[in-house]
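Enquirer: Chains A and B supply the protein sequences, listed in that same order. Just so you know, the first sequence maps onto residues 1 to 423 in my numbering. Just so you know, the second sequence maps onto residues 1 to 250 in my numbering.
Bear in mind the hints are in silico, worked out from the structure with no lab data behind them. Any given hint could turn out to be false.
Only some residues are given here: those of chain B computed to face chain A with a beta carbon under 10 Å [stated by the list, open to error]:
{"#": "1", "residue": "Arg52"}
{"#": "2", "residue": "Glu56"}
{"#": "3", "residue": "Val57"}
{"#": "4", "residue": "Arg77"}
{"#": "5", "residue": "Tyr88"}
{"#": "6", "residue": "Pro89"}
{"#": "7", "residue": "Gly94"}
List time: in silico DSBU-like cross-link candidates among lysine-lysine, alpha-carbon distance up to 30 Å [unchecked claim]:
{"#": "8", "chain 1": "B", "residue 1": "Lys129", "chain 2": "A", "residue 2": "Lys243"}
{"#": "9", "chain 1": "B", "residue 1": "Lys129", "chain 2": "A", "residue 2": "Lys383"}
{"#": "10", "chain 1": "B", "residue 1": "Lys16", "chain 2": "A", "residue 2": "Lys383"}
{"#": "11", "chain 1": "A", "residue 1": "Lys243", "chain 2": "B", "residue 2": "Lys141"}
{"#": "12", "chain 1": "B", "residue 1": "Lys20", "chain 2": "B", "residue 2": "Lys214"}
{"#": "13", "chain 1": "B", "residue 1": "Lys129", "chain 2": "B", "residue 2": "Lys141"}
{"#": "14", "chain 1": "B", "residue 1": "Lys167", "chain 2": "B", "residue 2": "Lys131"}
{"#": "15", "chain 1": "B", "residue 1": "Lys131", "chain 2": "B", "residue 2": "Lys141"}
{"#": "16", "chain 1": "A", "residue 1": "Lys383", "chain 2": "B", "residue 2": "Lys153"}
{"#": "17", "chain 1": "B", "residue 1": "Lys141", "chain 2": "A", "residue 2": "Lys383"}
{"#": "18", "chain 1": "A", "residue 1": "Lys383", "chain 2": "B", "residue 2": "Lys110"}
{"#": "19", "chain 1": "A", "residue 1": "Lys358", "chain 2": "A", "residue 2": "Lys347"}
{"#": "20", "chain 1": "B", "residue 1": "Lys153", "chain 2": "B", "residue 2": "Lys124"}
{"#": "21", "chain 1": "B", "residue 1": "Lys30", "chain 2": "B", "residue 2": "Lys214"}
{"#": "22", "chain 1": "B", "residue 1": "Lys214", "chain 2": "A", "residue 2": "Lys383"}
{"#": "23", "chain 1": "B", "residue 1": "Lys167", "chain 2": "A", "residue 2": "Lys358"}
If you're wondering where the values come from, they're calculated on a predicted model, not measured in any experiment. The beta-carbon is built from N, C-alpha and C at its ideal position, and this holds for glycine as well.
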Amino acid sequence: MATDATRKAAEALLHALALPEGEAGWVRERRAAARTRLFEAGAPMRRDEYWRFTDPARLTAPLALAGAGDAPAQAAAAFAGIDAVRVRMVNGRLRPDLSDPMEQAGLAIAPLGAVLRQDISIAREIFGRLEAAGQEKVSRPLAILNTAAATEGLAMQAHGAVALPVLIAHDRIGEGASLVRHVVRVEAGASLTVLEAGVPTNSVMEVDVAPGGRFHHVRVQTGERAPAATHLFARIGEGAEFKTFTLTADGALTRNEVVIDLAGDHASGHVAGAVLGQGEAHADNTVFVTHSAEHGESRQVFKNVLAGRSRGIFQGKIFVRKGAQKTDGYQISQSVLLDEGAQFLAKPELEIYADDVKCSHGSTTGALDATALFYLRSRGVPKRVAEAMLVEAFVDEAVAEIADQGLQDRVRALVADWMAGRA
Amino acid sequence: MLEIKGLRVTLEEEGKEILKGVDLTVEAGKVHAIMGPNGSGKSTLSYVLAGREGYEVTAGSVTLEGRDVLAMEAEERAAAGMFLAFQYPVELPGVGNMTFLRTAMNAQRKARGEDEISAPEFLKLVREKAKTLNIDNEMLKRAVNVGFSGGEKKRNEILQMAMLEPKMCILDETDSGLDVDAMRLVADGVNALRSPDRGFLVITHYQRLLDHIKPDVVHIMSGGRIVETGGPELALRVETEGYADLAKSA
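Could you build all of it, start to finish, from the sequences and the hints given here?
Expert: Structure representation (structure tokens):
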């Protein structure tokens, strides 16, 4: 519940943003409800348990949205060589004029802004709903703020096996912030891969995977950039598969919250990530996996490589509802500290109300294995190369969570580049 | 080939002196064995020669073909021709055996100003050498030493030695954990590498390895020093008399 101070902070957040006009009635209602929920929740504060390791102050400054602009296309390079439909966003604005033609077989795709002016059922079923469902147990005010005001992004509906991944590339010019929202529905038996490069200041993606559907998501957050908060909410239907992987390299402050619900029996949800930090970088991966049905299978695999004075945070929860029998939940978070000033903080959590489940979690942190390093060097491998080999091998367990081989190799190359370019 | 003079070494952390003035010369083409009881400093000597961190050399010198070994990093020593077969070969999860071998070979070649080995050339070479050591393709594809049996790990060490063709080979307790058949396989691999321009230093607690790898010279190490040097017959004396008497007689 909000205190006077957190409510005031929430009001300031909202008042900095222009309220969208000309939207459909159902959207206006949902925005109004979001405003109420935001005031009730209040802005996140340092003393909140959920923000113990990441100071929210730099994320709760009111957003001054960037104006339109033409930034050079840089972000998409993260997925160089990957066959995809490239959709560009510049300063948080969708730019169809700078994008590939978006249509492809099995996929309905449109700018979110246009969809919210109409009564389109898939958006109506999802927009703001998955976000609101994801507020159970823990409030996520920055995502509520997004529901209250975001208009830019994509609405996608896959109704078949979509051949090419949709690559959303965010470029930025100047200092302004960006507020981005995507709504995705994967129909029964359909499949879709979404790639994201670059990081908006505040972004939310809601993904509804119908029974037997498959959704794969890979995003790359690289380079020095402003503080950013992302939320990914997913509802996974019966026998459906959801996989997300995030590579976070450097960045002043990145908070990635992934909130998924295995809502149907035999659903599968995999959340993985790799963090590469140097300097003063701060990367926080906060994951909340809910098992609501039987025979669900979830995995969380996070690897952190931390140099300089960088910090890696992992908060991971497996929440098993009563009746979600035969749940198989797994969670591992590990870090390698390359310098003495680097720090890894982990908070694994299990909350289980079913009695026939298998859940495990583990977390480790430490320096690179000195014996392994010596072994490599004694065979003639120079120290830096040996370190890179060990780091890449360490990260690989998370990278291997990506289903597509080509995307795996691309991420491996980014990890190798980071190791080679590290100060 | 390898010349060690008055080498004194202490453990950096504890400040405890382990090697108390070791003098030893290994000539090209010769096999020298060092025997000694546990705690005599044998393994420390092997680590110090290979360049492991954590040891402080307080006195003495080590040269390989006249070059100052102690001034070099571990990888520079390897490129200069030093090779240590580990008593406990290290597992490297996620690092493929082939990648490991090829990276090591090319790093050494690069350090010596030579061209890198081509992929087909490397493959041919590694298959040929692996075959003689009974190492199958599946083992080559796995992560370095991960899930290997004791014998497989030791054979993998010898494979690395065969591929890297070092000038000075140090074998640290290569017989430990091996049954007779595995030991013979490893010994055959080592013997195949004996040549007039290569020196060997075989460190072992027991005489049995020396039945298979015949030494030219045997040293007894005790209390951080070489206390006795002789021919192959010295190893047999250890077997019957034990180290206690030898140490006393020194």
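Enquirer: Now tell me, hint by hint, if it's right for this structure.
Expert: Okay, the hints, checked on the actual structure:
The closest approach between the C-beta of arginine 52 (chain B) and any C-beta of chain A is roughly 5 Å, which is under the 10 Å cut-off, so the hint is satisfied. The criterion of a C-beta within 10 Å of any C-beta in chain A is not met by glutamate 56 (chain B), whose closest approach is roughly 16 Å, and the hint is violated. The restraint placing valine 57 (chain B) at the interface with chain A is violated, with a minimum CB-CB distance near 16 Å, outside the 10 Å limit. Taking 10 Å as the C-beta cut-off, the interface hint given for arginine 77 (chain B) holds, the closest approach to chain A being about 8 Å.
Annotation: interface hint on tyrosine 88 (chain B) holds; nearest CB of chain A at approximately 9 Å, less than 10 Å. Taken as an interface hint, proline 89 (chain B) checks out: its beta carbon lies about 8 Å from the nearest beta carbon of chain A, inside 10 Å. Annotation: glycine 94 (chain B) was flagged as interfacial toward chain A, and the flag holds, the nearest CB pair being 3 Å apart, inside 10 Å. Distance restraint check for lysine 129 (chain B) and lysine 243 (chain A): the Cα-Cα separation of roughly 43 Å exceeds the 30 Å cut-off, and the hinted pair is therefore not satisfied.
About 27 Å separates the Cα atoms of lysine 129 (chain B) and lysine 383 (chain A), which keeps this hinted pair within 30 Å; it holds. Distance check on the hinted pair: lysine 16 (chain B) and lysine 383 (chain A) sit about 27 Å apart at the alpha-carbon level, within 30 Å; holds. A threshold of 30 Å between alpha carbons decides the hint, and for lysine 243 (chain A) with lysine 141 (chain B) the separation of about 28 Å falls inside it, so the pair holds. Distance restraint check for lysine 20 (chain B) and lysine 214 (chain B): the Cα-Cα separation of roughly 28 Å lies within the 30 Å cut-off, and the hinted pair is therefore satisfied.
Of the supplied pair hints, the one linking lysine 129 (chain B) and lysine 141 (chain B) holds, its CA atoms being roughly 15 Å apart against a limit of 30 Å. Taking the CA atoms of lysine 167 (chain B) and lysine 131 (chain B), the gap is about 23 Å. The hint holds against a cut of 30 Å. Annotation: proposed proximity of lysine 131 (chain B) to lysine 141 (chain B) holds, straight-line Cα distance about 14 Å (limit 30 Å). Using a Cα cut-off of 30 Å, the hinted pair lysine 383 (chain A) and lysine 153 (chain B) holds, with the two alpha carbons roughly 23 Å apart.
Restraint check for lysine 141 (chain B) and lysine 383 (chain A): satisfied, since their Cα atoms lie roughly 24 Å apart, inside the 30 Å limit. For the hint pairing lysine 383 (chain A) with lysine 110 (chain B), the CA-to-CA distance comes to about 14 Å; that is within 30 Å, so the pair holds. Proximity of lysine 358 (chain A) to lysine 347 (chain A) is assessed by CA-CA distance (about 19 Å); at most 30 Å being required, the pair is judged to hold. Of the supplied pair hints, the one linking lysine 153 (chain B) and lysine 124 (chain B) holds, its CA atoms being roughly 21 Å apart against a limit of 30 Å.
As the CA atoms of lysine 30 (chain B) and lysine 214 (chain B) are separated by approximately 10 Å, the hinted pair is consistent with the 30 Å bound. For a cut-off of 30 Å, the pair hint linking lysine 214 (chain B) to lysine 383 (chain A) is broken: about 36 Å separates their Cα positions. For the hint pairing lysine 167 (chain B) with lysine 358 (chain A), the CA-to-CA distance comes to about 54 Å; that exceeds 30 Å, so the pair is violated.
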